[in-house]
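Trainee: The primary structure of each chain is shown beneath.
2 protein chains.
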Amino acid sequence: MKSFKEIPGSIVAPQGFLTSGVFCDIKRLGTGKGSNKGQKRDLALIVSEVPATVAGMFTTNQVCAAPVKVCAERVKKGAARAIVANSGNANACTGKQGLNDAREMTAFVAAVYDRRKLKIKIPPAVTDRRYSISAEHVLVGSTGRIGVALPMANVRAGINEAVTLLDNSPASAAHAMEAIMTSDTRPKQIAVEFKLSGKTARVGGICKGAGMIQPGMSATGKRPAALHATMLCFITTDAAIDPEMLQAALQAAVVQSFNRITVDGDMSTNDTVLVLANGLAGNRKFGVRSSEFGIFQAALGHVCLELAKMIVRDGEGVHRVVTVRVNGAKTVQDADAAARAVANSPLVKTSWHGGDPNWGRIMCALGYSPANVAENQVDIGYSAPGGKQILWSLKRGQPTKARFKQLCAAVSPKEFDLHINLNLGKASAVIYAADLTEAYVDFNKGDVGDPTTLGG
Amino acid sequence: MKSFKEIPGSIVAPQGFLTSGVFCDIKRLGTGKGSNKGQKRDLALIVSEVPATVAGMFTTNQVCAAPVKVCAERVKKGAARAIVANSGNANACTGKQGLNDAREMTAFVAAVYDRRKLKIKIPPAVTDRRYSISAEHVLVGSTGRIGVALPMANVRAGINEAVTLLDNSPASAAHAMEAIMTSDTRPKQIAVEFKLSGKTARVGGICKGAGMIQPGMSATGKRPAALHATMLCFITTDAAIDPEMLQAALQAAVVQSFNRITVDGDMSTNDTVLVLANGLAGNRKFGVRSSEFGIFQAALGHVCLELAKMIVRDGEGVHRVVTVRVNGAKTVQDADAAARAVANSPLVKTSWHGGDPNWGRIMCALGYSPANVAENQVDIGYSAPGGKQILWSLKRGQPTKARFKQLCAAVSPKEFDLHINLNLGKASAVIYAADLTEAYVDFNKGDVGDPTTLGG
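Going down the list, the protein sequences come from chains A and R.
Going by our numbering, the first residue of the first sequence is number 1099, and it counts up by one from there.
Going by our numbering, the first residue of the second sequence is number 1099, and it counts up by one from there.
Just so you know, not all the hints are guaranteed correct.
What the hints assert, rightly or not - Only pairs whose alpha carbons sit at most 25 Å apart, straight line, appear in this in silico DSS-like list of lysine-lysine:
1. R/K1167 <-> A/K1493
2. R/K1407 <-> A/K1499
3. R/K1194 <-> A/K1543
4. R/K1493 <-> R/K1407
5. A/K1194 <-> R/K1543
6. A/K1543 <-> A/K1100
7. A/K1543 <-> R/K1167
8. R/K1493 <-> A/K1167
9. A/K1167 <-> A/K1293
10. R/K1486 <-> R/K1428
11. A/K1543 <-> A/K1486
12. R/K1543 <-> A/K1407
13. R/K1486 <-> A/K1512
14. A/K1493 <-> R/K1407
15. A/K1543 <-> R/K1428
16. A/K1503 <-> R/K1543
17. A/K1174 <-> A/K1383
Derived by calculation from the structure, the hints in this document are not laboratory data.
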C-alpha cells in the first residue's frame, strides 16, 4: 500500500507557499513593458512565507548556464526562501554579464519583496521583518535561447509585477507553470499528501521540458555514471526536514526519475531541480533511518517520477513513449549503458515511430553499446506499461514463435514497455524514452530568420 | 604534388580482377529463380585471376554478423582469391545456421569456379589447376535484413550465374556495385593509378552504405578509441605487397576514413572493408619505411576517404554534409569525443538541416561530451569544404561581430566545414557528418507490413 496519495494542485498545495507568473517579454527583447498582451507568461516566482530548507540537482554539462552556477553555490548552504525563473532566455554562454544578471534577478526579488504591497491577507508572522528575504536566499532558473543577454529592464518589470501578484491560488500556480514552459504543449504538475508523525504534509511540483532532454544531474557537478533536458522542476513541501536529508532524498529521487529519461539524448546547459521545505506541516524532525524518511522519500520519488514521465510524453514531436527495461546485465553500468544505447538509437527510435517490432535494430544497438552483451543470450519482449505479461519476440538470441501481427499489436499503443534480458548477471536499469518523428526534426530545424539560438 | 592520379573505373581497373553482379532474389525469399526480371541485382562476385594477399577491417559491434566472423578468421591468414557479397539479407543474428550459410557461400563459389564455363578469354595461367580456388580463400560480405536465414537455394543459383558472367568489363563492375546497394541512391566507386618501382599499379574500390552508419572497425575485434554503418567496401589492387604491410596500410586508411564518418551514429553489425592485392603490376616488394609504402598508403588512403565521403553524401535523407574539424583539444581522445558529440547531436543535426548557424546547440553538445571543454575558450566558425578562410561565429566563448546573414550564408551550401577550436591543447580530429532530416525519419519508420527487420 502506498504511504501517500495524489491530490489536486501543485506547488501551492503545501502550506505557506505563494506564487505568480507574468508576461514581461523576455524573448522578444523589449517590445513589452510588463503588461500581458495575451502573450504566454515568461517569468515565474515562488516564495515560501517562512524560512525553508533547500536542496537542488543541476546539469553536469560543462557548459552550464549562469543561473545554474548561482544556484549550485547557494543550495550548498541549505536555506532558501524563493525561486525566480524565466523562459525565453537560458542565460547560458553569456559570460560575466550573465552571472551578474542572474545575481541581480535574485537581489531584485529580495528588494521588491521587502517593499511589496500585499494584495492578500497572509499570516502576521510573514510581515515580520524577520521574514524579509535576503538575496542569498533567492534561487534562479532560466530556459530558452542560449548566448543572448537577458533584457534586464523587462526582467525587473516582470519581477515587480510578479511580487505584487503573489498568492496561493491554483490560478497563480497555473500562471507560474505557464511561465516556465517553452516548447511544452501541456502543463506538468502534481501534488501528493501523506502523514508524518501524525501531521498532514504535502509535496507539490511543476516542471517543464520537451527537447534537449537527457538530464544527468548531480548536486556537486560531478557526473553520475549515466548522463545527459532543458528541464526545470520546482518542488515545494511543508514537511519539516533538515537540508542534508532533503538533499539525500532529492538525489535519490532524481537519479530514479529525471536522470532516467531521454527525448533526444541532448543534455542541456540548464537542467535544474529545486525543492523548498518550509516545515509548516509541523511534523517532528526525523532521521535517515526512520520510517518517516521512507515515507517522505516515497512521496518525493513519486512526484519526480511522474513529472519526469510527463516530460517524455510531451517531448518534441513525440508520438510514442517506451519504457526500456534492461535486466540480467553484469553490472548496473552495463544495464544503464545498454538501455541508453537502445533508447537513443535513431534507428530504434524511428522503428518505434513506425510501430515496427524491429528486434534487429535493438540487437545492433545493444551490440555497439559499451555493455557486455552475448548475442545468443539476449531476450527481447514487450508488455503494457508496467505489465507483467511479456510477449517475447526473441529468446536467447532466437526468434520466438510469436506471430508478427501480435508483435505489431504490442508496439502499436501510445505507451509500452520494452523488456531486454541480457542473461549475463543480475543488474537492471530503466530508461523512459521516446520515438523519433518527422515532427521532432521539423520543429528543431529552427527559425532561421531569427538571429538567436534556442537551447538551454 | 600527389603521388597518384584518379582514373575512371573501379575494382576492375587493376589488372587480373574479374567481377559480376546478378539478381537472385535474396530479399523476397524465393519468388525468383536467379533470372533477372528487372529487379536490382543482389549478389556480387569479385575474383582475382591469380593468388592474392588480403587485408580486412570489420565492425567492432559485439553483435556481429556471420560473414564478418568468417572473414575475420580467414583474413588473418593473409591470402585470398575471391569475395562473394549479397544485399537484402545481413545474415546477422542467425546463429549457427548463419555461420553454416556464410561458409557454404564461400565453398559454393570455390566449387562452381573450378568447373566454370568461361565466356571470356583469360590468360592461360588461370586455367591452370594451381589457380583453382579453395573455399578458405573466398571471403563473404552481407548487408540487409537482420535475423532472417539466407534463402540458400537462391544464393546458390545466384553464385552459379555470377561465376558464368565473370569478366573485367566496366559493365560487370557496375553490376557488382549495384548488387551490394541497399538504400543507396547512387553507386560509389573510384580508381587511382600510381608508379611503384617503375611499374604502373592501380587501386580500385566500390562501397555501399547509407544508414546505420558510424563505423568503428578494427582488424582484431578490439574496439578503437572511437566507435561506431552497414558499410561494405571492396578494394582491389594489382600492387605486389605483403599481407602484413597491406593490413597496416588498410588500418591506417580506414581509421582516417570510414571510422571518421557518421550518418546516424548507429554502428552496424556488418561493417566490412576488404582489400585484395594480386601483384600483377609486377613492382618489387617494398618495406614499411620505403617511399613505395608511402605512395601505396597515399593511394589507398585516398580511395578509402573518397568512398567514405560518398557514403555520407548519399546517407539516408541527407541534405547537407558537414565536416566537423576539432582543433586545440587536450588529447586525441578529447578531440574525437568532442567532434562525435557535435556530429551526433540531434539538435545540432536538425539545425544543419534548417540552415541555422546555431552555436548554442554546438556549445551544449561540446559541454556534455566526455572531452575537456572550457566555455570561455571555445572558438566556432565555418568555411567552404577544405577552405582556409574561416568565418568565426564565436571566439573564446564570445559571439564575434560576424553578421547573422553572413553566418546563414556560410551554412547554406550542401557541404561546409565546421571549425571548433577548444584552445586547450594541440590535438585534433575530423568527423564527416550529415544533417538529420524528416526524410531520414520517414525512410526508417519502416515497412510495418513486412515481417522482417532491416539493418546490418
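Trainee: Take the hints in turn and mark each one as holding or not.
Mentor: Going through the hints against the structure:
1. R/K1167 <-> A/K1493: holds (22 Å)
2. R/K1407 <-> A/K1499: violated (42 Å)
3. R/K1194 <-> A/K1543: violated (45 Å)
4. R/K1493 <-> R/K1407: violated (29 Å)
5. A/K1194 <-> R/K1543: Roughly 45 Å separates the two Cα atoms, so the pair is violated.
6. A/K1543 <-> A/K1100: Violated. A/K1543 to A/K1100 sits at ~44 Å, over the 25 Å cutoff.
7. A/K1543 <-> R/K1167: Violated: A/K1543 and R/K1167 sit about 41 Å apart, past 25 Å.
8. R/K1493 <-> A/K1167: Distance of about 22 Å is within 25 Å: holds.
9. A/K1167 <-> A/K1293: violated (35 Å)
10. R/K1486 <-> R/K1428: holds (23 Å)
11. A/K1543 <-> A/K1486: violated (40 Å)
12. R/K1543 <-> A/K1407: holds (24 Å)
13. R/K1486 <-> A/K1512: violated (50 Å)
14. A/K1493 <-> R/K1407: Violated - the C-alpha atoms of R/K1407 and A/K1493 are around 39 Å apart, more than 25 Å.
15. A/K1543 <-> R/K1428: violated (32 Å)
16. A/K1503 <-> R/K1543: Within the cut-off at roughly 17 Å; holds.
17. A/K1174 <-> A/K1383: Answer holds: A/K1174 to A/K1383 is near 20 Å, not above 25 Å.
Of the numbered hints stated above, those contradicted by the structure are hints 2, 3, 4, 5, 6, 7, 9, 11, 13, 14 and 15, listed in ascending order.
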